[in-house]
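Chains as they are written, first to last, in this note's numbering: chain A, 67 to 168; chain B, 385 to 1144.
Bear in mind the hints are in silico, worked out from the structure with no lab data behind them.
Watch out, some of these pointers could steer you wrong.
[Said to hold, decoys possible] Short, incomplete list of chain A residues facing chain B, as computed with Cβ under 7 Å:
#, residue
1, Lys68
2, Val69
3, Ile71
4, Lys72
5, Ser73
6, Arg81
7, Thr84
8, Met150
9, Arg153
10, Pro154
11, Val156
Please read all numbers here as calculations on a predicted model, not as lab measurements.
Where a beta carbon is used, it is the ideal one built from N, C-alpha and C, also for glycine.
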Amino acid sequence: MKVTIKSWNAIAQWRWDTGKADQDDADEEDVCGICRVAYEGCCPACKMPGDDCPLIWGECSHIFHMHCLLKWIGTGQSKQLCPMDRRPWVTAERKINPSKSS
Amino acid sequence: MATPAVQSFVEEKWQEAFKNLNRGEPGISGLMTISEAWRIASDFLRPRPLSEPRPRYNAHEIKAAFDMLAHTKLLYTVLENFLDDMHQQEYLIKQEVGEYMSRYEETDDPQVIAELVYRLVDWFNAWHPLAEYEFSSLPSIWRADDQNELSTSLGHIVTDHFTVAFHTHIYSILPPSFSRGFKALVSSTLPISYDDMSDSPSPDTFVWDSFFALGLVERYESLIASVCYEHIEDYIREVCAGQWSERMLADVRLWMDSRMLPWMRLPYARGAKDLNEATKMMSGVKSRFDYHICKVLCDLRTSEIFDIIIDFPDSKPALEDLKECLHRVDQRSILVASLRKANKKRLLHPGADTKDILAQYVSIIKCLRVIDPPGVLLYKVADPIRRYLRDRPDTIRCIVSDLVGDSENGTSLVDDNDPLVPLASRDVEDYTDSTWEPEPIDAGPDFRTNKPGDIISTLVSIYESKDLFVKELQVLLAQRLLNVKDGNYEKERRNIEILKVRFGEAALQVCEVMLRDMTDSRRTDQHVQSQKPSLLHPVIISRHFWPTLQTGTFILPQRLRAIQEDYSREYTAFKPDKKLVWLSHMGSVKIEVELQDRTLEVDVPPVSAAMVELFSERDRWSVDELIAQMGRIDRPSVMKGLLVLVDLGILKEEETDHYKLLEVAEEASADPGASRSAAMDELPGVQTAQQQQAEQMRVFWRFIEGMLTNLGALPLDRIQNMLKFAPGYDRNIEQLGMFMEAARREGMVVAKDGMWRLNR
């Protein structure tokens, strides 16, 4: 018998690459530390998830919705600190990288 | 004994009487003439049996006799004497009536009654004191020569006395069964044929004259009216029953005017000189009968209402008739009661499809709006239906699938012509509305007018909130989107746009994201394909915005996995921050299978595709071996995948759980009797709202289990109160009770005295 695959209609979910090991079915999912909405959701100001409401990665390893963080940084009392650990916020350089997907 | 005074008094009277009678004739010759006149007069008047002919009298002689009696003021005495005689002769009539009645009771033929009536008229004429008199020969005192004398003439007094006495005798003679016969006789004179309007036989005036002569019309007036009523009822039943496609009320009225009225003139407009006068006399009667027409038609339509509603809109004329009748006859509450009863009996039972109930409900809404625009009737009728629908599990699904135009049989609940209106949440009273009308008087205190023409909002308002609908809509949309293969989402997009108007933009935001996921996926796919062509065309979804998809993964064979990984790499190259998580068990694979004698090109679910790969390595596999190879997969999924292949004739079950590849097709293997439907027909594995609920309840069971472990036995309300702290818990105590009851049946808990504890 010879089997040829002609085409394949599949279904996939996208995730942000948060650098963590793949936990496909982990119920505990990561949420933005500011708005408490899942990363794959969108921040309160947005309606469309994904590229319209991207994440922002900090050097300090904390990740937020970009809109949430920018809003925080924009307020006076933030003093440009990461809201989680109070270190100065430095946006991490994303390495195009090799975290091999499964 | 007698005192002289009395003696002289009597003597004086006697002399006076004698003088009066003798009229100053010599001797007693005057007295003799009087007594002769008396004899002639009373013999002339004497009631005789009909068989005995009345002797001929010399008119002059009689006239002279009566004149003489009149002179001596003896006429009243003669009359009294006559009435006494009549009483004595009554037995003659009685006998005959008895004969006729026993004949009638044998034959039941109203004609016998007619004969009896004629016979009685004969008696009446025979005994009439003025019968056979030529007018001129009447004693002058009985005759009214002109109008002035009428009041003083005795003629009509005699006639009146006689008539009353005769009638009294007849009524006392006639047995009770006569009224039955009389009724039959009256109805036999009615115009019989219903349909042919042209020739109305001239009504039988003669029999009616007889009735009047005997005073039967007055006596049996209610009976005659009831004959009319019954006739009208019969006619309406005969002509209107089941005739809903045209208006009948006008036809019935026409029939009434052209057929019934000529007949009714006989009893009700006797003595009218011309048509105008008759019409005037009839006006009261006519409106009474018109009321009766409305009432009968109303009753008829009320009893048919359920079927009329089924036939809507073809039956609209019937509804308009009913509306008009209800204006005259106040039977709205009867209509409501009857429709509620019919609904309960014919609609709201487990045998009826939810779809059918909804369709009928919509028809009811439309029909009752015709009858009663303010909607009071509707409100009263709809209440039980709505309550019933609320208890049905698939109501929402039916409504929603109809909203998105999913109905298979093409009959949509919703008219496309209906204007699109946003679902109004409780309206505030509009005080500037110049067309405002007060609520009808039979409206209950909790009655709310709903704006006409908005059936969707009526359906949606069956439930307290529209969130349930949105949730169900989401599930349905997901199923349909994942099922679309040709990339044409226009229909869904259109539906969502329409629904947005109803449910509001915000509620359907999620659906919007789903649609965008679909288009984004295509764009991404185009890009990836341009970089590195792949057989794989995934739909990439945003998981928080889709209904929960059935989980379950399995290990793909090497070749398939390689394709997936290639694609994932390209995707990550395109969108550096994202990665893909595959739902391998969903979707479909188009494969071409080359076997020794044939080549098949088929669409199969990925599970089956993976199995085909495995079978290409080895000809025989058992189910357990397959499970071992494919990793995390449950048995039903494996069986499903295998069945698809068996249906396609690629595999064959050799013995239980052992499958073999068919390199050469076997005719016998195609077993048409086996009712194995291809799993491909099913919609992809999107969990329905119900399944999601069950899933949630499993989570809450964890909590309950923990509670009962730590605290021992607990009453239901305590459990409920504690569960309220659990995130996302939204059940009420009844639902919890039902769940606990189910758990008890499973043997997981026991209940005693209202306390629940774990069954250990």
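For this session: Hold the hint about A/Met150 up to the distance rule: shortest CB distance to chain B must be less than 7 Å.
Result: Nearest chain B Cβ about 20 Å off; hint violated.
Problem set entry | chain B contact restraint for A/Ile71 - C-beta distance below 7 Å | 5 Å, holds
Exercise. Taking the least C-beta to C-beta distance, is A/Arg81 closer than 7 Å to chain B?
Worked result: Interface hint status for A/Arg81: holds (6 Å vs cutoff 7 Å).
Exercise. Minimum Cβ distance from A/Pro154 to chain B below 7 Å?
Worked result: Check failed: Cβ of A/Pro154 comes no nearer than 23 Å to chain B, outside 7 Å.
Problem set entry | Cut-off 7 Å, beta-carbon criterion: hint that A/Lys72 touches chain B | 4 Å, holds
For this session: Tell me if A/Lys68 is really an interface residue toward chain B, meaning its C-beta lies closer than 7 Å to one of theirs.
Result: 4 Å, holds
Exercise. Taking the closest Cβ pair, is A/Thr84 under 7 Å from chain B?
Worked result: A/Thr84 check fails; min Cβ-Cβ to chain B is 9 Å, beyond 7 Å.
Problem set entry | Hint validity - A/Val156 Cβ closer than 7 Å to any chain B Cβ | A/Val156 check fails; min Cβ-Cβ to chain B is 18 Å, beyond 7 Å.
For this session: Grab the minimum C-beta distance from A/Val69 to chain B and call the hint holds if it beats 7 Å, violated otherwise.
Result: Interface hint status for A/Val69: holds (5 Å vs cutoff 7 Å).
Exercise. Taking the closest Cβ pair, is A/Ser73 under 7 Å from chain B?
Worked result: Nearest chain B Cβ about 5 Å off; hint holds.
Problem set entry | Hint check, A/Arg153 versus chain B [nearest Cβ-Cβ separation less than 7 Å] | For A/Arg153, the interface hint is violated, since the closest Cβ of chain B sits about 22 Å away, which is over 7 Å.
Checked against the numbered hints given earlier, this structure breaks hints 7, 8, 9, 10, 11; the rest are met.
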